[in-house]
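Peer 1: For this one, chain A is given, so just place chain B on it according to the hints.
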Amino acid sequence: MKIGQSIPRVDSYDKATGRTKYTDDLCDQNALVAKILHANVAHAIVKSVDTSEAEDMPGVIGVFTCFDVPECTFPTAGHPWSTVESHQDVMDRHLLTKHVRYYGDDVAAVVAEDEVSAVRALEKIHVEYEVLPFVLDVQEAMKDGAPQLHERFKNNILAHTDIRRGNLAEAIKEPGLTRIEGWYDTPTVQHCHIENACCYAYMENGRVNVVASTQIPHITRRCIGQALGIDWGMVRLVKPYIGGGFGDKQDALYEPLCAWLSMQVGGRLVKLECTREETFQNCRVRHAIRYHLISWVRKDGTLVGRKLECYSNQGAYASHGHGVCAKGMNAVPQIYPCPNIECDSWTVFTNRQVAGAMRGYGMPQVTFALESHVDDICQALGLDPLEYRRKTTMPLGYVDAFSKNELYSDSFNQTLDVGSAYIEYEKKRKEYSHQTGRFRRGVGLSVFWYNTAVWPISLETSACRMVMNQDGSIQLQVGETEIGQGADTAFAQMAAETLGISIDKVHVVSCQDTDVTPYGTGAYASRQTYAAGMAVRGCAEAFKQHILEVAFPYTRMQPYLMDIVDDQIIRTTDGRVLMSLGDLAKQKLYDLENCEHLTMEKTAQLKTNAYSFGCGFAEVEVDLEMCQVKVLKLINVHDAGTLVNPALARAQVQGGMSMGLGYALSEKMLYDEKTGRLLNGNLLDYKLSTTMDHPHLEARFVQNAEPTSAYGTKALGEPPVLPVAPAVRNAILQATGVGLDELPMRPHLLYEKFKEAHLI
Amino acid sequence: MYDIKAMYEASSVADAVKLRQQHPEAVILAGGSDVLIKIREGKLAGREMISIYGLDELRGVHLEEDGTLVIGSLTSFSHITADPLIQEHIGVLGEAVDMVGGPQIRAIGTIGGNTCNGVTSADSASTLFAWDAQIELTGPDGVRILPIAQFYLGAGKTDIRPGEIQTSIRIPKKSYEGYKGFYIKYGMRRAMEIATTGCSVNVKLSDDKKTLEDLRIGFGVAAPVPIRAVKTEEKFRKAALSADLADQIGEAVLEDVTPRDSWRASKDLRLHLCQTLAKDAFCEAVKRSGGELA
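Chains as they are written, first to last, in my numbering: chain A, 1005 to 1764; chain B, 760 to 1053.
Chain A with its partners taken away, still in its complex shape:
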């Protein structure tokens, strides 16, 4: 069995020794450097740009402004294109903008011989603005009379969707119900991938070549074509190894601009690398979403009615747009089924950073709101939060009407068993129930829900190509990208498993090149092992069949009497080894009568999706006077189906828990109310948590093989972020009696809330 083995990552040696080449390493040192002039106002119309002084600066090749770029608009979201117009991503971008919609928006660009010359020239560009009023808050932006960002979206509302089931107004008339209401607020945060956004572009034989740090090579190629108004085939995009993305690079970032700039300077090599500050200010962020939840429950906790409002802060441009907020809203009635519901969600433009995809895609936000609210219900009714969840979460056998997803196993209860045992939930819950003094402890939990891929919301497909070498080894290509998560290793294990060859005989072509890589939509959602797994399996099954047919003339055995086991062609009836796969590949390739290059290519189209559930528990100690929370113990338990590589799965969970801890306790992008400027867009002032801030991160699994999955796998990439913040919040609630309804739960907030509660 190759599936289920904790083999080392296929790229571990090169990455650990620094040999792996990333975009900037690959770029020729003589490349011209592009730098962008960012607006220093939050909302304005550009009246004029004077570039004459900048053009005369030494080393400057060209200065380009929002008045020079193509008129065509383009979308940036890393979604598969839709041929149905109503389902297409919003096209609201120009390469450089005449209408500044956030502080830092892109107005002009310099191409120079080196970085210093480019930066010096930026300072010599003079822009005249007609300054407009701006709005940062999501609910303020929806009001009549608020500053308008995009003409065709009235009241700045990009989209509104709702869910109505049962009859809420009637249901809540039942006597004896308790009404629990809360507002829950989540912050704007950034992905903070190690490698900043980086790309370079040059022209070759009339086509534009772009090398970029992206999660979605084929999609980005299409976005470049749309942005430049050229045929998509005129663009080639190459994706080398990347230093993390977490969804930020599931968007076309500066690849279109870089390609265009190269074309403006005669196709010369131009590099555009974001600084860390630009990654904060000009790439994507997680949507800040505000929730309003009201629940009507019976004394025993039975949920009779629920009302949910979600206000999602989109920032200046549509990017991934409403899908993020809608995903969270749609999950709520699935996680805790309720007969009478009214849910609404709005995604709203504001003059802030553009929100896009980020690990969890709306679910960390709604999980915080919902799981905090559930503990608020338990507190109001005097119910135990663990028992309450066991009784009220989605039951075994549940089928969602829209996605047709089915809960095949009792994941919630099984993972809750593991998590509560580790944290000693019952014992500690009792022990911490009556505390006094400065230091207080508590335990808390959260469940989580996730969908693995994106079917039926949009197209789900993956294609795989295998090419056999003379030694019986193969190259494997898919469009699904290695972005640090270990996808290449998982694909190697899958291919080896199905083909019957050893893992070291699978050479995964890590680099995606849209000229040669089969079409795939890239790394996003938590779809790699599920979606690409289907392509790998489909291709490997067909390839194996083909190889056995090719083997017939050499072995004189019928294909159905043969199999490939441990790199050998064997006869299944008696297990006899007939010839090695390497010998077959050599014989066939050099056959003087009937030679053939052994290869196979298959496209998988998905018509299923899979639920991936689990829970998290936290134990905290609160120092009331210092307004600090120390996380003593933290565990995530996942039912991600079969684990392809348990060691990598654990690492994936730990990374996500770390991201969740920052979300819980310290990370927040802060804005100057007077100017709209991002105040803390750097790694010093933005408080990403460090290794010193982490407790031991315990990752455990329950493995119920997913029946619809090629290798029994389902989502694991994103869900680890989800339960951490609400589990910590609920632990603080037990410790102090204070329910914090805002993230991050940093000392500033704790100070205010502890003072209000007269704890300090």
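Incorrect hints may appear among the rest.
[Claimed, not checked] Simulated restraints on C-beta separations:
| hint | chain 1 | residue 1 | chain 2 | residue 2 | range |
| --- | --- | --- | --- | --- | --- |
| 1 | A | S1010 | B | G826 | 17 to 25 Å |
| 2 | B | G805 | A | S1010 | 35 to 43 Å |
| 3 | A | G1386 | B | G937 | 51 to 59 Å |
| 4 | A | M1696 | B | M766 | 30 to 38 Å |
| 5 | B | E823 | A | H1438 | 56 to 64 Å |
FYI, nobody ran anything at the bench for these hints, they're computed from the structure. Glycine is no exception: its CB is placed at the ideal position from the N, C-alpha and C atoms.
Peer 2: Chain B in isolation, oriented as in the chain A frame:
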């Protein structure tokens, strides 16, 4: 790529003084962990630099005959933390500078640079204030020594005159003998952080450990420059150790500190922290001195 107009490397202290006179506008470069960031931000872009980083004579810790502890200005944070003389006499300074940034910054960053920046949040500063440190500057007219409180002129401004460089930090024997200290850095995370507020307390107890012979409280980010809680120190010097002494000291420091509102933290939060930090640091310093607050 850094925008640097020219770089002059000093070969000796005398050479550094000469370069300072020849290039009065040039920026002094020691470890570079602050200066390079300012160049990158554009604040010091396109400037001339005088690097003194190669001057090994300004590196290391030694005791003078009269017991004065001398720390060369180019001594790195990690060196100070590991130095046996520091550990023996003013261990708290080693602990304080071990909270600067991360391991790489502590290996390159120098105590001279940390103090010459003149910022209130420097982790070494509040502790050096608490120890009554003196700053030694060398210039065209020779050596000048002044108390650290006089060295700080205002936020980001220190008393380095034309032609001068800081050459050492000195702690007289009477400042450290018999004292034990404790520093608390309050930040929003446990590494790679600038103090929201920092408090360094040292105490000297009577021989019977019942009375507070002396008390020195240094604060960072409680005013535009590092300060001492002078009123509190006067009020409680010679006080008898008692159960509520720490609380009283915590309350008293509110008379000494003047933190401001900023987006990093509100004035209210900082005041609350000043109080709590002074109380906790005092308790720990007494504990280290063998006293009991019962």
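Peer 1: Taking the hints in turn, state whether each one holds.
Peer 2: Hints and how they fare:
At about 59 Å, the beta-carbon gap between A/S1010 and B/G826 misses the expected band of 17 to 25 Å. A hinted range of 35 to 43 Å is violated for the C-beta pair B/G805 and A/S1010, which are about 53 Å apart. Remark: the range hint 51 to 59 Å for A/G1386 to B/G937 is upheld by a beta-carbon distance near 58 Å. At roughly 35 Å, the beta carbons of A/M1696 and B/M766 sit within the given window of 30 to 38 Å.
Distance hint check: the CB atoms of B/E823 and A/H1438 are about 59 Å apart, consistent with the given range 56 to 64 Å.
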